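**Student:** As a plain string of letters, each chain reads:
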Amino acid sequence: MKVVVCVKQIPDPADPGALDPESKTLVRDQKLILDESDSYGVEMALQLVDTAGEGSVHLVSMAPNNEVGGLRTALAMGAESATLISDDALSGSDALGTAKILAAAIARTEPDLVLAATESSDGYTGTVPEMVAELLGLPSVTFAKSVAIDDGTAKVQRQTEAGYDDVDCPLPALVSVTAGVVEPRYPSFKGIMAAKSKPVDEVTCGDLGIDAGSVGWAGAGQEIVSVEDAPAREAGEVIEDEGEAHEAIVAFLEELKVL
Amino acid sequence: MGLEKIWVFGEGNGESVASITLEMLAKARELADTVEVFMAGDGDDYAEELGDHGAAAVHATGDLDGAMQGVAVASAVASAIDGGEVESPDVFFLGTTQDGRDVAARLSVKLDAPVITNVVDVEVDGDAVIGNEPIFGGTVDVKTKNTSGKPGIFLIRPKSFTAESVGGAEADVEDLDVPDLGDAGGAKVTATFAEESDGPKLDEADIVVSGGRGLGEKDAYAMIVDLAKSLGGAAGASRAIVDAGWVPYSQQVGQTGKVVKPTVYIAAGISGATQHLVGMKGSKHIIAINKDPEAPIFAVADLGIIGDVHKVLPKLIEALDR
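Chain order of the listed sequences is A and B.
Last residue of the first sequence? That's 259 in this note's numbering, and every number before it is there in order.
Last residue of the second sequence? That's 322 in this note's numbering, and every number before it is there in order.
One chain only, chain B, in its complex shape:
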């Protein structure tokens, strides 16, 4: 029982390591003797934090000069393994993020190894590595085993595990050389934009207030922002109103957006489509306000209000501000 080595895909902003990476390290340490990180960028920026979370080494590509992480990191890993510069791990963990998915997909083709997606837990049974993925909005749990004889590539959903500092020594920084990418490496990032928002970050806030189509119009989203502010929380949104262009994608909660697990989640005018439930069902307490008594969101709410958000929210904000 137990694996020899797991490689965790690292992500960071140049200063600190992304939470999803640290979460995966915690799980990987449970399952394997050696845990190492592979990532784009400068390993020195992250070596201390990664080591503290139990990574023995960080294999880093250095600056990609605008190349997409998917093709660059996957090519670097595959060629390092092919060339015998590194020994293949038993398992790869990558976060369900934009770049995590790209790297996993390219790596899957290069190694002819399967990707097991949307994983919220991983177990080892003898030689078998098994991923647990909730489907149908989390009502059914599916367990999938890697049977390929190749390293399993697991795409892990954020907030599945709790990050843990274990006081490990600074991780060794190793070069992960990116080979010539040819035509496949043609895409280049020319500029990066961040959408700024006040208050706590959506996926870290203790209280999240999200709005959906039931708000009726873009301007009504201001009520969500006001309520979040009154509670010292963050404002989120359903996919419907992100697609409609009311709020930026960075505020989307759900399968394709952020996964949140706050102490209190307030869903206002959100029906509770599978896509949304996947991103917030792990919240400790859920309050839902919706006109439709049949809305699926009520099935997961600790407190459900059948009512019009346009009537309930202003009174609630006023009461809280008093």
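Pulled out of the complex, with its shape left as it was, chain A reads as follows:
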């Protein structure tokens, strides 16, 4: 079974950077790491291949400056190879532009299953996986909280507003997984060493047969017109608990007349 996992390499959330006031894109000049949201998809893929007894896990990522830091982490977890799409023309791509690139790269590998996170931690549009499915003509299940493969069908529990649905989805298919679907493994030392020599195929828009004008700033059907600091919420009183703090809470609630 061949599984492709879409992974995003993002700035460390502990140091998320800022929007460039000129270009209005996220400044991504610091080292990028594997989006934690994607570690669940990587782990899920490794487990499914393991259960199937055969197959491989391949990564697809789009990132500036031929960045591979996050890919190496996922390779160290056990993925076999990666495709990295890096091209200056991609700067400013919106969700649809990104999906077009990922779909073109995924199509070259003809996977049985495409996994992705439901949303990235930094952009969180939550729309790219489903767009990729549509572009590839695949059935899809989003917000999966459990996934099993049974005789060519993905058996998925999909989160809903009220609880969850059981969904059967024939392969090939795309499934987007939530954090918590599995417990991602930590890369072993051996895995980290092995990852250094695993193949990362670096491609450009041209290699994928994509017109640079249809992606990036040129292709984005949307434009950021302003970036402003939001009115800050004023912080209130902060007290240290010395055994009586609950009384302050009760007094606060009484003042609001909610008791």
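Think of the hints as simulated: they come from the structure by calculation, not from any bench.
All values derive from a computational prediction rather than experimental measurement.
Hints are not guaranteed to be accurate.
[Claimed, not checked] Far from chain A, some chain B residues (derived; all Cβ distances over 10 Å):
(1) Glu4
(2) Ala163
(3) Val173
(4) Asp180
(5) Ala184
[Stated by the list, open to error] Rough simulated footprint, nothing fancy, chain B against chain A, three-plus residues with beta-carbon under 8 Å:
(6) 72-82
(7) 93-106
(8) 130-138
(9) 162-170
Glycine included, each C-beta is placed from N, C-alpha and C at the ideal position.
Based on the hints, put chain B in the right spot on chain A.
**Tutor:** Relative to the frame of chain A, chain B by itself:
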């Protein structure tokens, strides 16, 4: 100024219309002459309530027989527009829900139109339709304009607008035929499960008490439930403890969970990650209890208690129950 027509994605439970749909209708009426709803399911179930909230028509697919709403509804809309059965609206509004996102994404590809996500407000400036999206946990506001020349697809966050009954006549029910979906329509829902909880609903409660990693262990969540019960409120949770399997996802407050705007929000053992703040910052009053004085949650709290939830909560529950 002003748009001709907005289509709002409708969601409902077979009896009543989801709050997010009614919220979007209120905003859509402000911006456009005609507001219509498109949705999966039986339009007759919702026509009266939708009309009352200002929808002139509801385009409904009928029973999807288990097919996913994303592919089915988006395909139905695209083929109705292509076939000239309906006139394309200027703008689509969909809620930031599981199905809302799926429909928006599939529709975006089919119409080659952009999706503008996480929108909390929409304005019209001449011909331009502009969405306002808070980023970095709501500390920065970004405004994004649809420049595609195609209808803009806006994914709206819940609780951004206030639903309003305007006493409109029952909406006209129109069929929205789902074409043959081919392989893309292969996924089928085989069973549906609802997680039951007592008391008021999380996103409707006047008081919400949420717990996070600071509780230390799953069993300690019982304190959150007890406190919520004492206050007649609902119990919520941070993503961290939902991911850890302590509580079901239906109780998650935050970017990927429910958006709540209660009169009082009590965050116990929650540090206040961006993911969480997005879902509760709109609360009228916020009380935070956390051991770490540096926790970001204190920056938005009206009353912050630096302390151990295991010590503060039992005393608080006891005092309230007295």
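**Student:** Quick check: the stretch 72-82 of chain A, covered by chain B? Criterion 3+ residues, Cβ under 8 Å.
**Tutor:** The restraint on the stretch 72-82 of chain A is violated, since only 0 of its residues have a Cβ under 8 Å from chain B and three are required.
**Student:** For valine 173 of chain B, is the shortest CB-to-CB distance to chain A above 10 Å, so the non-interface label stands?
**Tutor:** The claim holds: valine 173 of chain B sits with its nearest Cβ about 24 Å from chain A, beyond 10 Å.
**Student:** Holds or violated: the stretch 93-106 of chain A covered by chain B, criterion of 3 or more residues with Cβ-Cβ distance under 8 Å?
**Tutor:** The restraint on the stretch 93-106 of chain A holds, since 4 of its residues have a Cβ under 8 Å from chain B and three suffice.
**Student:** Quick one: work out the minimum CB distance from alanine 163 of chain B to chain A and report holds if it exceeds 10 Å, violated otherwise.
**Tutor:** Alanine 163 of chain B clear of chain A: closest Cβ-Cβ about 17 Å, beyond 10 Å.
**Student:** Would the non-interface assignment of alanine 184 of chain B survive a Cβ cutoff of 10 Å against chain A?
**Tutor:** violated (5 Å)
**Student:** Taking 10 Å as the cut and beta carbons as the points, is aspartate 180 of chain B off the interface with chain A?
**Tutor:** holds (13 Å)
**Student:** Can you tell me if the stretch 162-170 of chain A counts as covered by chain B, using C-beta to C-beta distances under 8 Å and a minimum of three residues?
**Tutor:** With 9 residues close enough to chain B, the hint holds.
**Student:** Count the residues of the stretch 130-138 of chain A whose CB lies closer than 8 Å to any CB of chain B, then report whether that count reaches three.
**Tutor:** The restraint on the stretch 130-138 of chain A holds, since 7 of its residues have a Cβ under 8 Å from chain B and three suffice.
**Student:** Going by Cβ atoms, does glutamate 4 of chain B stay more than 10 Å from chain A at every point?
**Tutor:** Consistent with the label, glutamate 4 of chain B stays out of reach of chain A, its closest Cβ about 20 Å off (over 10 Å).
Against the hints set out earlier in the document, violations occur for numbers 5, 6.
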